[in-house]
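Using the sequences and the accompanying hints, generate a full structural model.
Chain by chain, the residues run as shown.
There are 2 protein chains.
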Amino acid sequence: MTGPGEQRLARAALTYLAEPGDPALGALLARCEPAEVVAAIKADLLPATGPGCGDSPASRKALEGALARWRARLPGLPGDADIAAACRDGIRLVCPGDPQWLERLDELGTVRPYALWLRGRVDLPSACRRSVSMVGSRAATGYGAHVAGEIAADLGEQGWTIVSGGAYGIDAAAHRGAQVVGAITIAVLACGVDYPYPAGHAGLFADIAAAGLVISEWPPGRHPARLRFLVRNRVIAALTCGTVVVEAGERSGALNTARHAAELGRPLMAVPGPVTSRQSAGCHRIIRDWGATCVTCAADIIEMVSPLGIADSPEAPAPAGLRGAPRDELDLDSARVLDALPARGAAGPSTIAVEAGVDLDTVLRCLGLLAGCGFVERCDRGWQLRRR
Amino acid sequence: MTGPGEQRLARAALTYLAEPGDPALGALLARCEPAEVVAAIKADLLPATGPGCGDSPASRKALEGALARWRARLPGLPGDADIAAACRDGIRLVCPGDPQWLERLDELGTVRPYALWLRGRVDLPSACRRSVSMVGSRAATGYGAHVAGEIAADLGEQGWTIVSGGAYGIDAAAHRGAQVVGAITIAVLACGVDYPYPAGHAGLFADIAAAGLVISEWPPGRHPARLRFLVRNRVIAALTCGTVVVEAGERSGALNTARHAAELGRPLMAVPGPVTSRQSAGCHRIIRDWGATCVTCAADIIEMVSPLGIADSPEAPAPAGLRGAPRDELDLDSARVLDALPARGAAGPSTIAVEAGVDLDTVLRCLGLLAGCGFVERCDRGWQLRRR
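First to last, the protein sequences are chains A and B. Here my numbering is used: the first residue of the first sequence is 3, the next is one more, and so on. Here my numbering is used: the first residue of the second sequence is 3, the next is one more, and so on.
Keep in mind that the hints were calculated from the coordinates and are not lab data. This one's a predicted model, so the numbers in the text were calculated from it and none came from an experiment. Please note: incorrect hints may appear among the correct ones.
Pairwise CB distance ranges, derived in the manner of DEER restraints [said to hold, decoys possible]:
#1 A:76 with B:301: 53 to 59 Å
#2 B:291 with A:291: 18 to 24 Å
#3 A:112 with B:291: 37 to 43 Å
Which chain A residues face chain B? A few, computed with CB under 10 Å, are given here [to be verified]:
#4 145
#5 285
#6 299
#7 352
#8 353
All C-beta atoms, glycine included, are put in the ideal place defined by N, C-alpha and C.
The following block contains the structure:
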């Protein structure tokens, strides 16, 4: 028998050996333990799948091809100790079944990530409970970048996490908009979480990791590639309650993310723009042809992604997604910060830091997390407890 | 028995006595001859409606109130000779049942116009066979006016008539866009067709009447009033194959026209714009909440308003709305202009004018009409016969 540690290590190894989203591997993982799959790849022997698995000769042949593909990467596979050592400097691995895993990702079926590499200390399921993907063109217009930043900030102020792809243009504007209001933001990369691509965003990713998460299906050190962005997009869509396309040309990769959101049955939204702008043509097309909802502000989006379509408000009961949102499951820092908030009225982050006895960076990170869980909310005078 | 001339005169009189869209009068006209209704108003006696009309005491009382309302205007009613004399300087009256009447208007039911006053020589049913209403804010932005003009011109070039309300802003841009390409445009006013409101549009209305139509339910000389614009809007929606809102604030009257189009089951479309523009907020709202189709160009609109959703093209068969479009029903000038077009290739308006032996203004008017009927189309080198 293999222990959970060994299975996690095997999943980590699989992120080195196979490209994410390989349905052959997904199907295999649905019926074999990860360590068994890794052993089979190393031994060049298909794992025993037991009787009644219904493997046809054709699927058996496809699996043999996949095995050869994965074996080709064996020479580059680090040793177990090196894989374990990759989890340093705030980098960690989250696997299906972990408490830190996001169950929502399981809806991806056979293309569910084998595991996710995370950089940052925020709890993934808590951060994603109330989350929106905001995507769009790298070649954003001033209008698009402005609107992405404004809407992300408004969503962030109301405790919504902003997920995007860390690219130039709309992605960066969305991440930065969330950061401005101290909200959690998550960048999902098509390369290792320690790989600064685009290079000009190294600082952005460091900021995101400090108060949110940088996520990848690829192992640390892995470089990006053209197809990886498309494979990555399904994770951006699968992580959140809904996807908003802010600006997208007719052939923008953002429409690929939008397609994934629609296929997952998650609310798909698009921000309109001038019909004279080619960067809005993709948004208008998905509103017209895909049934994407035309949204113009954070309130429009919250109405779409909130359970039962009920818009969120301080007086409203916590949405179903926050069921329990158990206070005693909070990490120690977050629990301290929550306790430091005044019972009535509001306080600024520095006051809370003194009261909680933690540093300001930690307070900001925890406030974002607590807002994501519905415990606290931003107001004119700082942060306050949220009536539930 | 009363003759058709007398009935038409009675309908003309009713446009003086009653405000348009009065359902009490509409109901009465559904079962009595117009002359009988006018006689009843003059005599202060409800017309005999025969047994089995199902008049309740309440509706009888409402009708008595309406009678008093209409009688209040009797002192201002011109004599028959003066009413007949109003039809001069290109002004004429078109009544339900006339060959010049547009059957589509009958879908308004009890709020169908009693009659329409027309200024201009174009045939109403022909001009409206392929027609689109373009409406929007008076306080249009540069963006909105530009887009309205461009789309109207593109629609006009493809033989579509542009109907609007003759107001400043989007309406004017739509009318002018159609005029630039020599297409027919129709202004539906909330005052007499000879009443220049807004005063700054006296020239625009003269231009429209010269090559298209200025239409009103109100008799010549009648001034506009606030409520009249709302009553007028249902006619803008009812005249055409579909309505496009180009720019509209949250409380724009254009949304009233949009509502009428939706209630009539006609395609309702809206042009999106920047979410930062208040003048696009109404467009975005009707896309989101009313199911208006998001359209960005003439092709989008034509796809919506063409029968069976088949986009129009020179190669496509004539749409069903043009069934017959009988050449021998054309007025003499139009028939001459049509005959003057070369069998192959194209010709400019001045060449056609010489060939047809008519003046240039007439050629332009007739070309618009012929394009509206699907006989001719504009091309790079002028005008050409349309293959059918």
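A quick look at each hint next to the structure:
1. Between residue 76 (chain A) and residue 301 (chain B), the C-beta spacing of about 54 Å keeps the proposed range 53 to 59 Å intact.
2. Taking the beta carbon of each, residue 291 (chain B) and residue 291 (chain A) are about 19 Å apart, inside 18 to 24 Å as hinted.
3. Judged by the Cβ atoms, the range 37 to 43 Å given for residue 112 (chain A) and residue 291 (chain B) holds: they are separated by roughly 38 Å.
4. For residue 145 (chain A), the interface hint holds, since its Cβ comes within 10 Å of a Cβ in chain B; the closest pair sits about 6 Å apart.
5. Among the interface hints, the one on residue 285 (chain A) holds; its C-beta lies about 8 Å from the nearest C-beta in chain B, closer than the 10 Å criterion.
6. Satisfaction of the interface hint for residue 299 (chain A) is found here, the shortest Cβ-Cβ separation to chain B being roughly 7 Å, below the 10 Å cut-off.
7. Because the smallest distance between the Cβ of residue 352 (chain A) and any Cβ of chain B comes to about 34 Å, over 10 Å, the interface hint for this residue is violated.
8. The restraint placing residue 353 (chain A) at the interface with chain B is violated, with a minimum CB-CB distance near 35 Å, outside the 10 Å limit.
Comparing the model with each numbered hint stated earlier shows that hints 7, 8 do not hold.
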